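Turn these sequences into a full structure, and let the hints guide you.
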Amino acid sequence: MAVEPYQEELAGTCVDAGGSAIGMPQLCGDWVGNQVFWLIITLVVIYFILARVALPRIASVLAERQGTITNDIAAAEDLKSKAQDAEAAYDKALADARTEAHAIAQRARDDIKADLDVEKAHADAEISAKAAESQKAIDAIRASALENVEIVAKDTAAAIVAALGMSADEAKINAAVDRQLKG
Amino acid sequence: MATETHGAEHATEGTGLVFHPMDQFIVKPLFGHGDVGLFTITNVTLWLFLAIVAIVLLMVVGTSRRAIVPSRSQSVAELAYGFVYKMVEDVTGKDGLKYFPYIMTLFMFIVFANFLGLIPMSFTTTSHFAVTVPLALAVFIGVTVLGFVKNGPGFLGLFWVSSAPLALRPILAIIEVISYFVRPMSHSIRLAGNVMAGHAVIKVFAGFAALAAVSPISILAITAMYGLEVLVAFIQAYVFTILTCVYLKDALHPSH
Chain A
0 MAVEPYQEEL AGTCVDAGGS AIGMPQLCGD WVGNQVFWLI ITLVVIYFIL ARVALPRIAS
60 VLAERQGTIT NDIAAAEDLK SKAQDAEAAY DKALADARTE AHAIAQRARD DIKADLDVEK
120 AHADAEISAK AAESQKAIDA IRASALENVE IVAKDTAAAI VAALGMSADE AKINAAVDRQ
180 LKG
Chain B
0 MATETHGAEH ATEGTGLVFH PMDQFIVKPL FGHGDVGLFT ITNVTLWLFL AIVAIVLLMV
60 VGTSRRAIVP SRSQSVAELA YGFVYKMVED VTGKDGLKYF PYIMTLFMFI VFANFLGLIP
120 MSFTTTSHFA VTVPLALAVF IGVTVLGFVK NGPGFLGLFW VSSAPLALRP ILAIIEVISY
180 FVRPMSHSIR LAGNVMAGHA VIKVFAGFAA LAAVSPISIL AITAMYGLEV LVAFIQAYVF
240 TILTCVYLKD ALHPSH
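Residue numbers (numbering that gives the first Met the number 0), protein chains in the order written: chain A, 0 to 182; chain B, 0 to 255.
Since the hints were derived computationally from the structure, they do not count as laboratory data. Bear in mind that the values here come from a model prediction, so they are computed numbers and not experimental data. Mixed in with the good hints there might be a few duds.
As the list claims (entries may be wrong) - Sample of chain B residues at the chain A side, in silico, Cβ under 10 Å:
| hint | residue |
| --- | --- |
| 1 | T41 |
| 2 | L105 |
| 3 | V181 |
Here a beta-carbon is modelled for each residue, glycine too, at the ideal position from N, C-alpha and C.
In structure tokens:
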């Protein structure tokens, strides 16, 4: 049976003429040296890549991240306490402002009251002055009225006496009127 | 002659289903058709190299920005770092962290070799005992040497179970010694066996897909197996790594 040339070359203790494995290729002694040789090279290369480059790099990244997280937490704690301080200060300022506002309002009220009192007293005084003045005027008017009544009465009495055709002394008439008025 | 060959191939295909589930594990030269020598560049070389490239892409290029708020690739790289770092710390304690780069190398290599092997038509380097046995032996020899260097003859206390009754101790010591020397075997065969078995099963199902009647079932089965293999690819890398940590812990603290 003729076979293709490359298969002839491939054929050995582990591979048959058709290019198929004879038994388990794992147990083929011919290949062990080659596999072990390349395996050792591979492992050494991987070891150096990992130990020299990859692992230190990852370790530093992880450490850096841990540091960043710790720092951030500390910073957050700091900011939180600052915010609390600010809140306390705000509250205090608010309370102060409120008391001050109260004080100002009170003062304003007091001022207004004092002004009012002064004005009131002033007004009272003016009113009483005016009232006294008026009283005086009324008294004067009353006095003058009484006087007028006397004069009118005297004149009227003189006129009546004259009308009755009698003559009378003015002084007598006046005395008689005064008497009547007083009576 | 050419037609003769063609006819012969037709004849073998005509006989029925052809299964070559193990062909995917054949090591062949990448260039030319010569023998596989020690330094020949083979498909093994290619896929080992691709594992390096993938690791560089994730762990070096992916983290190149060193961002405080990580990008997606940097997140994955940090996740891998944290995963293995925590594993080493939890299992071996603080003094085991010195060996973290070695364990990280093992984990990254195995996990990437496994996942690259899941690409269709790829070659799975970790399916070969020739790859996993050196890995396991490196761990075994390294840990044993480290145990003696760190603890001197006291390292032999690992085999002398002081909490057991005196009469039982020699027997237990023999069992402990045997189990100690079985470690590299189980360590390596577990990884290669799992990966190889999964890949071979997928290939067998793929062979069945040639039959029109069962091909839907076969394709479903391939899909399911592939899902399982994705899990296995990660879990076996994890198991290999955590066992390495356990062995390292024994070397650092041999007393039970």
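Here is how each hint holds up against the structure:
1. T41: holds, 6 Å
2. L105: holds, 8 Å
3. V181: violated, 19 Å
Hint violations for this structure: number 3 only, all remaining hints satisfied.
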